[in-house]
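Here the protein sequences line up with chains A and B, keeping their order.
For the first sequence, numbering that gives the first Met the number 0 assigns the number 0 to the initial residue and increments by one for each residue that follows.
For the second sequence, numbering that gives the first Met the number 0 assigns the number 0 to the initial residue and increments by one for each residue that follows.
These aren't lab readings, by the way, just hints derived from the structure by calculation.
All values derive from a computational prediction rather than experimental measurement.
Just to be clear, a hint being listed does not mean it is correct.
Repeated chains share a single entry, so a pair holds when one copy, or any two copies, can fit it.
[Said to hold, decoys possible] Below, a list of computed lysine to any residue pairs in the SDA-like style, where the Cα atoms sit at most 25 Å apart:
| id | residue 1 | residue 2 |
| --- | --- | --- |
| 1 | LYS216 | ALA105 |
| 2 | LYS36 | ILE132 |
| 3 | LYS161 | ALA139 |
| 4 | LYS216 | GLU164 |
| 5 | LYS36 | ARG189 |
| 6 | LYS36 | ARG118 |
| 7 | LYS216 | TYR15 |
| 8 | LYS216 | GLU32 |
| 9 | LYS216 | VAL37 |
| 10 | LYS161 | PRO251 |
| 11 | LYS161 | PRO97 |
| 12 | LYS161 | LEU71 |
| 13 | LYS161 | GLY48 |
Number of protein chains: 2
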Amino acid sequence: MRRARVTVAYDGTDLYGFAEQVGVPTVMGRLREAIEKVARGPVEMVGAGRTDAGVHGWGQVISLDLPETLDLAMLQRRVNRMCGPQIAVREMRWAEHPEFHARFDAVYRQYRYHVLNTREPNPFAARTAWHVIEPLQLWAMQLACDPLIGEHDFSTFCRRPKGQENPSMVRRLISAKWSQVDGDVPGLLRFEIRANAFCHQMVRSIVGTLVEVGTGKLHAGDIRALLLQRNRQTAPQVAPPHGLVLWEVGYPTSLPTSSPTTSPTSSPG
Amino acid sequence: MRRARVTVAYDGTDLYGFAEQVGVPTVMGRLREAIEKVARGPVEMVGAGRTDAGVHGWGQVISLDLPETLDLAMLQRRVNRMCGPQIAVREMRWAEHPEFHARFDAVYRQYRYHVLNTREPNPFAARTAWHVIEPLQLWAMQLACDPLIGEHDFSTFCRRPKGQENPSMVRRLISAKWSQVDGDVPGLLRFEIRANAFCHQMVRSIVGTLVEVGTGKLHAGDIRALLLQRNRQTAPQVAPPHGLVLWEVGYPTSLPTSSPTTSPTSSPG
């Protein structure tokens with residue numbers, strides 16, 4: 000057996016999240032079924048980050064062991080025929096290191112969140128953007144990101160995992176940036192956030208809070224106090240899952256996997 | 000009663016086309032139901048162009064008569080709450096001319112067709128782009144457009160309507176252009192085509208033919224001969240509906256309705 004590294008994209012709309020669950024379609028469940036069919040044996044897979052039901056993926060990374068004789072190009076083709084287009088393996092290759100671990104080796108995770116800020120709905124943004132009708136002040140939302148950058152206890156913005164006595168909510172936020180997206184969807188806003196790791200619902204809780212700043216219900220100056228509360232009850236709202244996408248996972252020994260220009264084996268046909 | 004003008008966008012994936020049909024959801028059917036509920040009476044609607052099942056709309060235009068006392072902003076909001084986000088009224092206003100007719104007054108229709116030209120599928124392009132795996136030569140596809148520009152009998156690329164003895168297939172093609180789309184979807188190609196009017200399945204038949212040129216199965220020099228055949232049996236293939244979108248309809252006395260920068264009432268909130 001040999002360690003392999005897989006980059007996966009998925010439209011999470013009709014999926015029950017990344018992690019396997021009995022009886023419902025999930026990213027991991029559907030991928031495992033397809034890979035096991037081709038590899039003709041059980042496989043154990045590890046993902047870089049769990050995503051909730053309805054959340055999308057573009058650069059999700061998975062590590063797993065496969066028989067060394069397996070033709071990965073053939074495997075990728077067959078898996079995509081079985082799982083696509085809802086779930087698509089963007090890249091499948093042997094890992095540089097035999098012990099490569101998608102979750103523990105990751106040095107950062109980058110998420111994107113899209114908000115459609117228009118009066119009327121847009122059919123082509125409905126699956127991947129949160130429609131907010133009230134006009135948003137982008138500069139205020141950007142200003143409100145400042146106190147979040149750096150290493151903090153993010154308890155205010157995190158849902159506590161069940162069954163853990165006193166889990167650490169300390170994370171290191173590397174960057175957080177709002178921008179307007181040029182393209183075919185007028186009024187589309189993008190939030191790009193990078194951290195060493197995120198706790199549960201952290202991005203959606205931060206987005207929900209920043210949108211309150213954008214509408215004027217909160218002020219940028221309120222964010223620091225909220226963060227210091229370390230109390231989830233004080234966070235105003237959690238943004239819906241369908242605007243969120245796990246965009247990229249970074250590893251120390253290699254270039255980011257989700258950029259097609261830097262990854263020689265993932266260039267489009 | 001007063002003549003109104005409506006611009007509509009729709010994701011056609013789960014709709015049975017634009018025109019009303021008994022027992023299945025269509026754009027016109029769902030819009031009429033919603034408008035009649037608010038207007039409290041029957042309405043007659045005319046669309047600029049019929050689109051087939053699975054085809055999308057961004058700038059479809061509809062003309063209809065409504066009670067003069069009706070608040071159009073309220074009507075738009077309520078219709079979008081009932082029909083959105085799958086179908087969204089982008090703009091609703093009183094027509095400049097009392098006799099404005101969405102179909103007969105249109106001087107051009109512009110369609111877009113998207114092709115995803117990558118080895119692997121992309122979950123986020125699956126609903127709106129035709130996935131073509133074989134590498135396409137964009138310059139050859141562009142060259143092949145030349146003989147189509149101008150006024151021609153497009154019988155080769157048109158499906159004959161039932162029940163008409165000898166319908167004219169003469170149309171005036173104004174422009175046809177291929178381009179690569181910069182954005183989040185690597186390998187996305189766009190075909191933009193404008194004509195005074197199109198006959199049935201004409202855009203999809205032209206795209207199917209141009210893609211054969213892109214893969215090298217046909218040569219750009221073959222297109223003129225195909226056009227002169229005036230025989231639908233000679234056209235190689237019809238591209239699938241889900242890559243097509245009715246992008247814009249042009250009228251002589253007003254600016255295009257689908258550009259938010261030129262239309263004062265459709266600017267995003």
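Results of checking the hints against the structure:
1. Taking identical chains as interchangeable, the C-alpha atoms of LYS216 and ALA105 are never at most 25 Å apart, the minima being 36 Å within one chain and 45 Å between chains.
2. With identical chains, the CA atoms of LYS36 and ILE132 are at most 25 Å apart between copies only, with a shortest distance of 24 Å across copies and 46 Å within one.
3. With identical chains, the CA atoms of LYS161 and ALA139 are never at most 25 Å apart, being 35 Å at best within one copy and 59 Å at best between copies.
4. Taking CA atoms no more than 25 Å apart as the test, LYS216 paired with GLU164 passes in neither setting, with 34 Å inside one copy and 65 Å between copies.
5. For the homomeric pair LYS36 and ARG189, neither the shortest alpha-carbon distance inside one copy (38 Å) nor that between copies (36 Å) is at most 25 Å.
6. For the identical chains of this complex, LYS36 and ARG118 are inter-copy neighbours only, at 22 Å across copies versus 48 Å inside a copy, given an alpha-carbon limit of 25 Å.
7. Neither within a single protomer nor between protomers do LYS216 and TYR15 lie at most 25 Å apart by alpha-carbon distance, with minima of 33 Å and 43 Å respectively.
8. For the homomeric pair LYS216 and GLU32, neither the shortest alpha-carbon distance inside one copy (47 Å) nor that between copies (37 Å) is at most 25 Å.
9. When the C-alpha separation of LYS216 and VAL37 is checked against a cutoff of 25 Å, the pair qualifies neither within a copy, at 53 Å, nor between copies, at 33 Å.
10. Proximity of LYS161 to PRO251 under the C-alpha cut-off of 25 Å is found in neither arrangement, the shortest distances being 31 Å within a copy and 64 Å between copies.
11. Taking identical chains as interchangeable, the C-alpha atoms of LYS161 and PRO97 are never at most 25 Å apart, the minima being 33 Å within one chain and 65 Å between chains.
12. In the homo-oligomer, the alpha carbons of LYS161 and LEU71 never lie at most 25 Å apart, since the shortest distance is 38 Å inside one protomer and 50 Å across protomers.
13. In this assembly of identical chains, LYS161 and GLY48 lie within 25 Å of each other by CA distance solely inside one copy; the values are 17 Å within and 55 Å between copies.
Comparing the model with each numbered hint stated earlier shows that hints 1, 3, 4, 5, 7, 8, 9, 10, 11 and 12 do not hold.
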